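Asks: Now for the letters of each chain:
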Amino acid sequence: MYTPELRELIKRVEATRQARLHQEVPRLSPQDKKELLEAFHPDYRAEIFRTLSVGPSKGQRTPKEYADVFEAWSAINPGAFDVSKVDYDVDVLIIGGGGAGAAAALVAQAQGANVLVVTKLRLGDSNTVMAQGGIQGADKGNDSPATHYLDVMGGGGYLNDPELVAALVGDGPLVIDWLERLGVMFDKTPDGTMVTTHGGGTSRMRMHAARDYTGGEIMKTLKDEVLNHRVPVIEFTAAYELLTDGDAATGAVLYNMETEEYFVARAKTIVLATGGGGRLHIMGFPTSNHYGATADGLVLGYRAGVPLAFMDTIQYHPTGAAYPEQILGQLVTEKVRSIGAQVVNAEGNRFVNEMETRDAEAAAFIRECVDRKKGIVTPSGQPAVWLDTPVIDILHGEGTAKKRIPAMFRQYFRFGIDLSKEPILTYPTQHYQNGGLKIDVTCETPVRNLYAAGEVAGGIHGRNRLMGNSLLDVVVFGRRAGEAAAKRAASIKKQQRLTLEHLKRFHAELEGAGVPKERTAPMLLPEYRRTEHAKRKASVLA
Amino acid sequence: MARMVTIYVMGKQYEVPDSLTIMKAMEYAGYRLVRGCGCRGAFCGACGTVYRLKDDYRLKVGLACQELVQDGMYLAEIPFFPGNKATYDIEDLKPNAESVLKLYPEVFRCLACNACTKVCPQDIEVMEYIQAALRGDIAKAADLSFDCVLCGLCASRCPAEIVQYNVALLCRRLYSRYIAPKAPHLEKRMKEVQDGSCARELDKLVKTDKAGLTELYNKRDIEKAA
Numbered sequence: 001m002y003t004p005e006l007r008e009l010i011k012r013v014e015a016t017r018q019a020r021l022h023q024e025v026p027r028l029s030p031q032d033k034k035e036l037l038e039a040f041h042p043d044y045r046a047e048i049f050r051t052l053s054v055g056p057s058k059g060q061r062t063p064k065e066y067a068d069v070f071e072a073w074s075a076i077n078p079g080a081f082d083v084s085k086v087d088y089d090v091d092v093l094i095i096g097g098g099g100a101g102a103a104a105a106l107v108a109q110a111q112g113a114n115v116l117v118v119t120k121l122r123l124g125d126s127n128t129v130m131a132q133g134g135i136q137g138a139d140k141g142n143d144s145p146a147t148h149y150l151d152v153m154g155g156g157g158y159l160n161d162p163e164l165v166a167a168l169v170g171d172g173p174l175v176i177d178w179l180e181r182l183g184v185m186f187d188k189t190p191d192g193t194m195v196t197t198h199g200g201g202t203s204r205m206r207m208h209a210a211r212d213y214t215g216g217e218i219m220k221t222l223k224d225e226v227l228n229h230r231v232p233v234i235e236f237t238a239a240y241e242l243l244t245d246g247d248a249a250t251g252a253v254l255y256n257m258e259t260e261e262y263f264v265a266r267a268k269t270i271v272l273a274t275g276g277g278g279r280l281h282i283m284g285f286p287t288s289n290h291y292g293a294t295a296d297g298l299v300l301g302y303r304a305g306v307p308l309a310f311m312d313t314i315q316y317h318p319t320g321a322a323y324p325e326q327i328l329g330q331l332v333t334e335k336v337r338s339i340g341a342q343v344v345n346a347e348g349n350r351f352v353n354e355m356e357t358r359d360a361e362a363a364a365f366i367r368e369c370v371d372r373k374k375g376i377v378t379p380s381g382q383p384a385v386w387l388d389t390p391v392i393d394i395l396h397g398e399g400t401a402k403k404r405i406p407a408m409f410r411q412y413f414r415f416g417i418d419l420s421k422e423p424i425l426t427y428p429t430q431h432y433q434n435g436g437l438k439i440d441v442t443c444e445t446p447v448r449n450l451y452a453a454g455e456v457a458g459g460i461h462g463r464n465r466l467m468g469n470s471l472l473d474v475v476v477f478g479r480r481a482g483e484a485a486a487k488r489a490a491s492i493k494k495q496q497r498l499t500l501e502h503l504k505r506f507h508a509e510l511e512g513a514g515v516p517k518e519r520t521a522p523m524l525l526p527e528y529r530r531t532e533h534a535k536r537k538a539s540v541l542a
Numbered sequence: 001m002a003r004m005v006t007i008y009v010m011g012k013q014y015e016v017p018d019s020l021t022i023m024k025a026m027e028y029a030g031y032r033l034v035r036g037c038g039c040r041g042a043f044c045g046a047c048g049t050v051y052r053l054k055d056d057y058r059l060k061v062g063l064a065c066q067e068l069v070q071d072g073m074y075l076a077e078i079p080f081f082p083g084n085k086a087t088y089d090i091e092d093l094k095p096n097a098e099s100v101l102k103l104y105p106e107v108f109r110c111l112a113c114n115a116c117t118k119v120c121p122q123d124i125e126v127m128e129y130i131q132a133a134l135r136g137d138i139a140k141a142a143d144l145s146f147d148c149v150l151c152g153l154c155a156s157r158c159p160a161e162i163v164q165y166n167v168a169l170l171c172r173r174l175y176s177r178y179i180a181p182k183a184p185h186l187e188k189r190m191k192e193v194q195d196g197s198c199a200r201e202l203d204k205l206v207k208t209d210k211a212g213l214t215e216l217y218n219k220r221d222i223e224k225a226a
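Heads up: the sequence lines are chains A and B, in that order.
Counting from 1, one number per residue, gives the positions in the first sequence under the numbering used here.
Counting from 1, one number per residue, gives the positions in the second sequence under the numbering used here.
Treat the hints as calculated values from the structure; they're not laboratory data.
Bear in mind the structure is a predicted one, so any value in this text is a computation, not a measurement.
Just so you know, not all the hints are guaranteed correct.
[As the list claims (entries may be wrong)] Below are the EDC-like pairs computed for lysine to aspartate or glutamate, each with C-alpha atoms no more than 16 Å apart in a straight line:
no., chain 1, residue 1, chain 2, residue 2
1, A, LYS188, B, ASP123
2, B, LYS188, A, ASP177
3, B, LYS85, A, ASP393
4, A, LYS421, A, ASP440
5, B, LYS182, A, ASP177
6, B, LYS204, A, GLU163
7, B, LYS191, A, GLU225
8, B, LYS140, A, ASP187
9, B, LYS224, A, GLU24
10, A, LYS188, B, ASP143
11, A, LYS403, B, ASP147
12, A, LYS403, B, ASP143
13, B, LYS207, A, GLU163
14, A, LYS402, B, GLU187
15, B, LYS24, A, GLU225
[As the list claims (entries may be wrong)] A short list of chain A residues far from chain B (calculated; beta carbon distances all over 12 Å):
no., residue
16, ALA15
17, PHE81
18, ASP87
19, GLN111
20, GLU261
21, PHE263
22, ASP393
23, HIS507
[As the list claims (entries may be wrong)] Label pairs and their calculated CB-CB ranges:
no., chain 1, residue 1, chain 2, residue 2, range
24, A, VAL377, B, GLY196, 37 to 43 Å
25, B, ASN84, A, LYS58, 26 to 32 Å
26, B, ASP71, A, GLU527, 53 to 59 Å
Glycine included, C-beta positions come from ideal geometry on N, C-alpha and C.
Here chain A stands alone, though its shape is the one from the complex (with noise of 0.2 Å):
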């Protein structure tokens, strides 16, 4: 429900709404765009980030929040830490049960390995079930895995690992073509053509879709496959350390959440698939990532020796929601400017393209409330710009945004705001992880035997993710792990050595550089208490 002042606002984007319907909002010059990134992106404020003093990726610069995941001790003291007891004895231990995982377990399955797969939360719990908008792949006539790979690279910043980049566009085909066969729901015309829209940055429109569910469609089928095909899944366990033979990846120390044991597991090959750290709120920004999205792979991987790729570059989603203040920050699917949803500020004018990439687009939006002062202002002081929801239905018939992003329609409903005849008002919100462990084609990290997919991973986005791509990468390069890691695992028939050797290792490295003790990781869930409660709590059940 809107306030009586809000209303008052809301007048202006009404009477300018028709003169602009049509009108043509060009999108921005290459160096314009740099101008624009270069002022306002929070990429490019050199105090959010601390450069690394440990590990691998050490001398490089991340956000300060990542920094004190990296730069973090284990709670558990390699020294002491009894590993011979072996619980779990597998092929392939895959950490991590959102898109990536489901779609490892089910192909390494399929090659004949003995799979295990753990999660800290409930099978499907991740970012791959909030994924709205839809996921890319080149299968019309217009288009092309090149096409494809040209628009990757350009929003990336030519920067994205180009053999990577060649998997993930050149596989999006017969991924799109694997789900249809699965039978996921995505939206069609009546002979089965898929329906599919731009997003930001695209030069054709191939984004396929469910309605506004696009992951979680995509998340219970693949959920519904684990199941059929039982492969063994331990739901509220999660990978606390993993465990070398000094080098390789050799299993992981598992913890259960709920009633707070350690297991030993030992697996020919790890794939982490725990995707990324939108919880860990850099710089206090809101998130719209799932409460599990906490960096404890990124810190395993980091721990066991792992470089990291692009991790000073983190997306924020122009469209999170800034009011009402319940859901702030939860996403506002692009999908919703893909079909028409025009940006307007204060004055209820249009001052960007609503196609731009996302980096550029929610720069845009910072530029328009902090520099030109044309935003508005929430009643809990939140900036933010509007987002003339009710064009869709104007342009494209009554009743569309309703059957199209549902999703939303009934997310604001819920609120006492009908979008279709209301807009709303968005500001960007952290989304995703742009960079990650780094991966080979395989998936394969720089640590033997250990394979990363999804968020984790870093290399495949360049400097910005595209939309509709992190879908697409989630089941590319799940699938890839899976199979390397299974062909590998088939490999390997000298049984593995269960050490923390390189923890030891790190722990020296982490006394040297003088981290605090207190300062442990990984986080697993966010704290969401009050300090109150912090300050009160005690530990009398023994």
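For chain A, the structure is supplied; the task is to place chain B on it using the hints.
Replies: Frame of chain A, contents of chain B only:
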């Protein structure tokens, strides 16, 4: 400024600001959620919650991440409810009532009492889609159930012990695999992937340097949105 209200978490009283969602109110009260918290954005179904209000016999429902607290709210999260999940090979099935009823014979027992629909926090016509599945209208069951987040509250209230959300998922997969026509452009593209023509075009670009790519990118034509 938010007003303080009284809520009862599984019967236990707490004072919390009225501006909070049930989930944030529980955290405010000091609970660290492991169960009953997932995406925090109404997509994952981890936080289905039932509650009653003062002097009202009706059972109300919501997702804890979306529903605001109210004064006198008596609530319990139901993060898990045991449900039967049939296993199957999608390739072996036909999109008809027999497939559904063979895997989930309890669908026959639907009393059409509508308890499932009343309890759905997504406002899905749950009973309608179960009835559609029962008469073999798989397309309708798929369409009606689309927004399901698998919270399981429907199954918790069903006197016929049907696990509606799993029936729905089966119907959506059957519809998409067998009833919706395969995308013709995708089949065509798959042939081009298999004959290597896509990879050849891609290889050329992979070998192009940044200057070359920049030029191609800046000159690329952008498809007009319909």
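Asks: Please go over all the hints and tell whether each is borne out by the structure.
Replies: Status of the hints after comparison with the structure:
no. : hint                            : result
1   : A:LYS188 x B:ASP123             : violated, 24 Å
2   : B:LYS188 x A:ASP177             : holds, 11 Å
3   : B:LYS85 x A:ASP393              : violated, 39 Å
4   : A:LYS421 x A:ASP440             : violated, 48 Å
5   : B:LYS182 x A:ASP177             : holds, 9 Å
6   : B:LYS204 x A:GLU163             : holds, 12 Å
7   : B:LYS191 x A:GLU225             : violated, 26 Å
8   : B:LYS140 x A:ASP187             : holds, 15 Å
9   : B:LYS224 x A:GLU24              : holds, 12 Å
10  : A:LYS188 x B:ASP143             : holds, 13 Å
11  : A:LYS403 x B:ASP147             : holds, 11 Å
12  : A:LYS403 x B:ASP143             : holds, 11 Å
13  : B:LYS207 x A:GLU163             : holds, 10 Å
14  : A:LYS402 x B:GLU187             : violated, 31 Å
15  : B:LYS24 x A:GLU225              : violated, 33 Å
16  : ALA15                           : holds, 25 Å
17  : PHE81                           : holds, 23 Å
18  : ASP87                           : holds, 21 Å
19  : GLN111                          : holds, 18 Å
20  : GLU261                          : holds, 14 Å
21  : PHE263                          : holds, 17 Å
22  : ASP393                          : holds, 16 Å
23  : HIS507                          : holds, 27 Å
24  : A:VAL377 x B:GLY196: 37 to 43 Å : violated, 56 Å
25  : B:ASN84 x A:LYS58: 26 to 32 Å   : violated, 53 Å
26  : B:ASP71 x A:GLU527: 53 to 59 Å  : violated, 28 Å
Hint violations for this structure: numbers 1, 3, 4, 7, 14, 15, 24, 25 and 26, all remaining hints satisfied.
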